[in-house]
Amino acid sequence: MTIFYRIRALVRWLFRRDELERALDTDVEDYIERSAAANMRAGMTEAQARRAARIELGGVEQTKDRVREALSLGSVEAFVADVGYAFRTLRRQKTFTVIAVSTLALGIGVNVALFSLFQQLLQRSLPVPAPDELVNLTDPGPKLVGQVSTSSSPSGGPDSVFSYPTFRDLERAQRSFVGLAAHRSFEANVTSGQNARLATGILVSGSYFSVLGLTPALGRLLGPQDDRVDGSAESVVLSYAYWQSEFASDPKVLGRTVVVNGVPLAIVGVAPPGFHGTAVGTRASVFVPITLHGGAAGGPVPNHDNRLLYWVHLFGRLAPGVTREEAAAEIAPLYRAIVSDREAPLLTNVSEQDLEAFRSRPLVLEPGARGQTRARILVPARRSLEMLLAACGAVLLLCCTNVAGLMMVRGAGRNGEMAVRATMGAARGRIASLLLAESLSLALPAAILSLPVALLTMRGIASAVPGIPTAGVDVELSLAATLVAVGAAVASALAFGLFPLRNLIRIDPGKALQAYSGRQTSSRGVMRFRAVLATVQIALSMALLVMTGVFARTLANIANIDLRLDADSVVMLTVSSTGRSREAAARLYERLDEELEAMPGVSAVASSTVPLLSIGGIEGLATVDGLEREPLAMSWHEVSPEFLDMFGIGLVAGRGFSARDVSQRVALVNERFAEQIGLGRDVIGRRLTGINVEIVGVVADAKVGGKVTGDVGPRVFSPILNGPTFYIRSNRAAEDLLNAVRETVVRVDLTAPITRLATMEQQFLANISVERFIAGASLAFAALGTVLAALGIYGVLAYAVAQRSREIGLRFALGAPASRIRRMVVRQVATMALVGLALGAVAVLPLGSAVRNLLFGVEPYDPIALAAAAVVLMAVVLGAAYVPARRASRVDPMSVLRYE
Amino acid sequence: MPTAACRRPPSYRQPKSGGAILAAMTRQPKDSDKLNIPQGTLDLMILTIVRREPMHGYGIAQRLKALTQGTFQINPGSLFPALYALERDGKLRCEERPSENNRPARYYSLTAFGRKELEQAERRWERVTAAVTSVLQGA
Numbered sequence: 001m002t003i004f005y006r007i008r009a010l011v012r013w014l015f016r017r018d019e020l021e022r023a024l025d026t027d028v029e030d031y032i033e034r035s036a037a038a039n040m041r042a043g044m045t046e047a048q049a050r051r052a053a054r055i056e057l058g059g060v061e062q063t064k065d066r067v068r069e070a071l072s073l074g075s076v077e078a079f080v081a082d083v084g085y086a087f088r089t090l091r092r093q094k095t096f097t098v099i100a101v102s103t104l105a106l107g108i109g110v111n112v113a114l115f116s117l118f119q120q121l122l123q124r125s126l127p128v129p130a131p132d133e134l135v136n137l138t139d140p141g142p143k144l145v146g147q148v149s150t151s152s153s154p155s156g157g158p159d160s161v162f163s164y165p166t167f168r169d170l171e172r173a174q175r176s177f178v179g180l181a182a183h184r185s186f187e188a189n190v191t192s193g194q195n196a197r198l199a200t201g202i203l204v205s206g207s208y209f210s211v212l213g214l215t216p217a218l219g220r221l222l223g224p225q226d227d228r229v230d231g232s233a234e235s236v237v238l239s240y241a242y243w244q245s246e247f248a249s250d251p252k253v254l255g256r257t258v259v260v261n262g263v264p265l266a267i268v269g270v271a272p273p274g275f276h277g278t279a280v281g282t283r284a285s286v287f288v289p290i291t292l293h294g295g296a297a298g299g300p301v302p303n304h305d306n307r308l309l310y311w312v313h314l315f316g317r318l319a320p321g322v323t324r325e326e327a328a329a330e331i332a333p334l335y336r337a338i339v340s341d342r343e344a345p346l347l348t349n350v351s352e353q354d355l356e357a358f359r360s361r362p363l364v365l366e367p368g369a370r371g372q373t374r375a376r377i378l379v380p381a382r383r384s385l386e387m388l389l390a391a392c393g394a395v396l397l398l399c400c401t402n403v404a405g406l407m408m409v410r411g412a413g414r415n416g417e418m419a420v421r422a423t424m425g426a427a428r429g430r431i432a433s434l435l436l437a438e439s440l441s442l443a444l445p446a447a448i449l450s451l452p453v454a455l456l457t458m459r460g461i462a463s464a465v466p467g468i469p470t471a472g473v474d475v476e477l478s479l480a481a482t483l484v485a486v487g488a489a490v491a492s493a494l495a496f497g498l499f500p501l502r503n504l505i506r507i508d509p510g511k512a513l514q515a516y517s518g519r520q521t522s523s524r525g526v527m528r529f530r531a532v533l534a535t536v537q538i539a540l541s542m543a544l545l546v547m548t549g550v551f552a553r554t555l556a557n558i559a560n561i562d563l564r565l566d567a568d569s570v571v572m573l574t575v576s577s578t579g580r581s582r583e584a585a586a587r588l589y590e591r592l593d594e595e596l597e598a599m600p601g602v603s604a605v606a607s608s609t610v611p612l613l614s615i616g617g618i619e620g621l622a623t624v625d626g627l628e629r630e631p632l633a634m635s636w637h638e639v640s641p642e643f644l645d646m647f648g649i650g651l652v653a654g655r656g657f658s659a660r661d662v663s664q665r666v667a668l669v670n671e672r673f674a675e676q677i678g679l680g681r682d683v684i685g686r687r688l689t690g691i692n693v694e695i696v697g698v699v700a701d702a703k704v705g706g707k708v709t710g711d712v713g714p715r716v717f718s719p720i721l722n723g724p725t726f727y728i729r730s731n732r733a734a735e736d737l738l739n740a741v742r743e744t745v746v747r748v749d750l751t752a753p754i755t756r757l758a759t760m761e762q763q764f765l766a767n768i769s770v771e772r773f774i775a776g777a778s779l780a781f782a783a784l785g786t787v788l789a790a791l792g793i794y795g796v797l798a799y800a801v802a803q804r805s806r807e808i809g810l811r812f813a814l815g816a817p818a819s820r821i822r823r824m825v826v827r828q829v830a831t832m833a834l835v836g837l838a839l840g841a842v843a844v845l846p847l848g849s850a851v852r853n854l855l856f857g858v859e860p861y862d863p864i865a866l867a868a869a870a871v872v873l874m875a876v877v878l879g880a881a882y883v884p885a886r887r888a889s890r891v892d893p894m895s896v897l898r899y900e
Numbered sequence: 001m002p003t004a005a006c007r008r009p010p011s012y013r014q015p016k017s018g019g020a021i022l023a024a025m026t027r028q029p030k031d032s033d034k035l036n037i038p039q040g041t042l043d044l045m046i047l048t049i050v051r052r053e054p055m056h057g058y059g060i061a062q063r064l065k066a067l068t069q070g071t072f073q074i075n076p077g078s079l080f081p082a083l084y085a086l087e088r089d090g091k092l093r094c095e096e097r098p099s100e101n102n103r104p105a106r107y108y109s110l111t112a113f114g115r116k117e118l119e120q121a122e123r124r125w126e127r128v129t130a131a132v133t134s135v136l137q138g139a
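These protein sequence lines map, in sequence, to chains Z and W. The opening residue of the first sequence carries number 1 in the numbering used here; numbering runs sequentially from there. The opening residue of the second sequence carries number 1 in the numbering used here; numbering runs sequentially from there.
Extracted from the complex, chain Z is given alone in its bound form:
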């Protein structure tokens, strides 16, 4: 009860203070009126009566003070009142507040974003009960001997795959685990009602969900009844996210049929929210029994009979009380028996030595709390994230120092205020509390603002950073991330609040009062430290600005690249044939080809297997018969006969493709191929060694694949009827054409998923996404760095001016013109700027060599970029110096000297 009233009183005291004061006024006034009236009745004059009334009361203000004191709640209330005071002060100083809060919000935001990504990708345990009990099974020994083959997946490389019969043997024999589970991701063409989608699916054993210990969000999860018969699957479980996005969280979805790679499966349940499978960095949408018949997933798996084809990933949950070591000791002999008694006898033509090594492979158990992934995928991501995280930590530190600098500028002007407070008997604790309240009133709004910053940063990173597997990343802020934001805010409040605090608390009230605006209140060490810091920031932004310039030039150069092909007003379309037989796929593409050509306004349609301007492709070695030379590295392009004409890739010699060539073993090569193989035009008529394909013509070099910044390499073109990727040329507007193409595909086959539909410009931009990302990132960092440097310089100079205002006033009084005073201030920044620029120019060297192979047509030490960066930075630095310099030139000598 009392607590409730106290809180209410506190709230009222803080937020309805006006009301309280009004009540006090009314009460006191009323008292005096009545008392005076009584006194007058007793014969006093009005003035006497009023005076007597006030004396009786014990003083008006004193009475009010005693009431205020009686209602106060001690130090907590004092602190909250300080926060209120700080808020009011900060609201008056809008510019300062906006700069400080946005600086901090930026600094905290990028850190929260990086932390979230880091945690999600690298540290998060699977969202299952007791994840520490999970272990991954691996077999790092030599296995690629004889007829053995492995099929790796994003969940793991050759060391972590087993054959399906081995999994079943182990599952039956083991005793140390609650259960063993097998899984394998695959590309799934999921057709449900109205549309077809290409999604990631996971083949899972019946034990998968029970070993993980998951409970369904809807219906049931897959169980032992679902994987009894090899080659037959009837049920499917959807991921929660897929259920939300594709079925609008419809609870009536149970029992409906979806077609996965041509196999109709009944939806039996929905996995719990947040669970996307056990492969780190992939996001599974459907969970299908591992007994799905072979061929349905495309490629060699699933295969349920071949002991020498390794393809399933295994994990298990340790039985209660069993350690990983005990489980390993128990399962090792079981595994060895399977390998040597069942697998090894199947090998033929293998040396005794290899066979022995094969038999004695150990089974290794590894911690499985985080699921399974290929080190190859995560190691680079970890490295780049760690670097980014370190960079962002440094950024936050700079933000804090700069805000501290700004606060010191304010603090310098407030030495007087603090001195007065101290002389009036304010304890150091009270002054510290006030300053801390101010720091927190800056940091906490910054923490709130940092969350949208973090969200945007994450979205940017997730869509742009190459090399980070973003498929499994939820672009959302966890509770942990929010806590980190608040923690970072409080920590930085302490960090930047500390500086001025140290300074102000050390003030000797007497001296400071005498000198009032402070003769030498800041230590020289602090000033020097901040000057060095500002210089380092200039150097950093110099380096980043140079990088930005270099990348801007790279992008400009890339935009001017002559691809030597005509891709204007062309859109491209890729339709997946996942889950279809070869014949069905051919039929689909043939119909698509016809329908696309029949579209109004379409002038040409061509197709290829590898999409034009895609970075990957089919690479190989080739040579021609009758040549005694090393085979030539080349890329292989399967294109429809219309392809070369459509893109204006001219014939240099021989003949082009005709419709008849599709069934013939003929090929075209580009000039580079002809030249590098050493035959020139004589290459026509030769046959490619080993595949019996005759070269019938030579075409011009054009950048049809690979990075557009690379050279045109040797290429071989082979004719196909039509491929999964179509090119449609039309005079219709791009948006209109894209929609029309989409409708056509749906009309032709509802179950055919579109995996790519874009204009050639978009494809071109995708081709240079790494360059664009780096350019964008360096621009962002350079902008951030420059703003911080400007803030740093402003802080240092403004502080110095505030400190020296007496000296400046004296100079004015002695007749120095304003221009000289301005020069004096600017001279101070000139040293910092010059040293910073020089250091930054040097720092470009290591940065430049790190990104050299991302540059195009420009050297990392580009003089234009250097000059431009220097000019921009000088302008910013002078701009930052202008305000304090102007302030210095407007110092009023009289008002400053009056304090003497």
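Each hint should be verified, as a subset may be incorrect.
Unchecked claim - Just so you have them, the derived chain Z footprint on chain W, three or more residues with Cβ under 8 Å: (1) 56-63; (2) 82-90; (3) 114-123.
Unchecked claim - For each label pair, taking beta carbons as the anchor points, the in silico distance ranges come out as: (4) Leu397(Z) / Ser109(W): 55 to 65 Å; (5) Pro216(Z) / Ala85(W): 56 to 66 Å; (6) Ala85(W) / Val532(Z): 52 to 62 Å; (7) Ala432(Z) / Lys65(W): 18 to 28 Å; (8) Gln119(Z) / Ser109(W): 56 to 66 Å; (9) Ala85(W) / Arg459(Z): 48 to 58 Å; (10) Asp18(Z) / Lys65(W): 29 to 39 Å; (11) Ala432(Z) / Ala85(W): 47 to 57 Å; (12) Ala85(W) / Ser125(Z): 48 to 58 Å; (13) Gln62(Z) / Glu53(W): 49 to 59 Å; (14) Lys65(W) / Arg88(Z): 40 to 50 Å.
Read the hints as simulated data drawn from the structure, not as lab findings. For clarity, every value in this text was computed on a predicted model and none was experimentally measured. Positions of the beta carbon are idealized from the N, C-alpha and C atoms, including for glycine.
Since the structure of chain Z is provided, determine the placement of chain W on it from the hints.
What follows is chain W alone, placed relative to chain Z:
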């Protein structure tokens, strides 16, 4: 005289009995025979005064003066802090209405909670005074 006693401040005298305690409490400047008000008693008196009808600050002060017949020294300056604390704690409520000469005035009255408090305190006070009285009379 023991040496320890010499270090005592000259004005300090060790009370010997209950009577001495009372004597110490009443030891005031000679020109006054008023008592310092015991802690918490003021609250109790305020609550009693406003029990019958809502009253303004001046009225309460006058009533206090009249009721205690000048026994207690109550500065109006210490009346208001007590009034506001009681209002904050929910024992008093306050209503603003125009006074006789049309200025706004604040009238204090008892809340249900205040009434309960008062009744409890009265019982407690009766027990304490009874006990103290019996001790004093028995001694």
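Next item on the list: Go through the numbered hints given earlier and state which of them the structure violates, listing their numbers in rising order.
Entry: Going through the list in order, the structure violates hints 3, 7, 11, 13 and respects the others.
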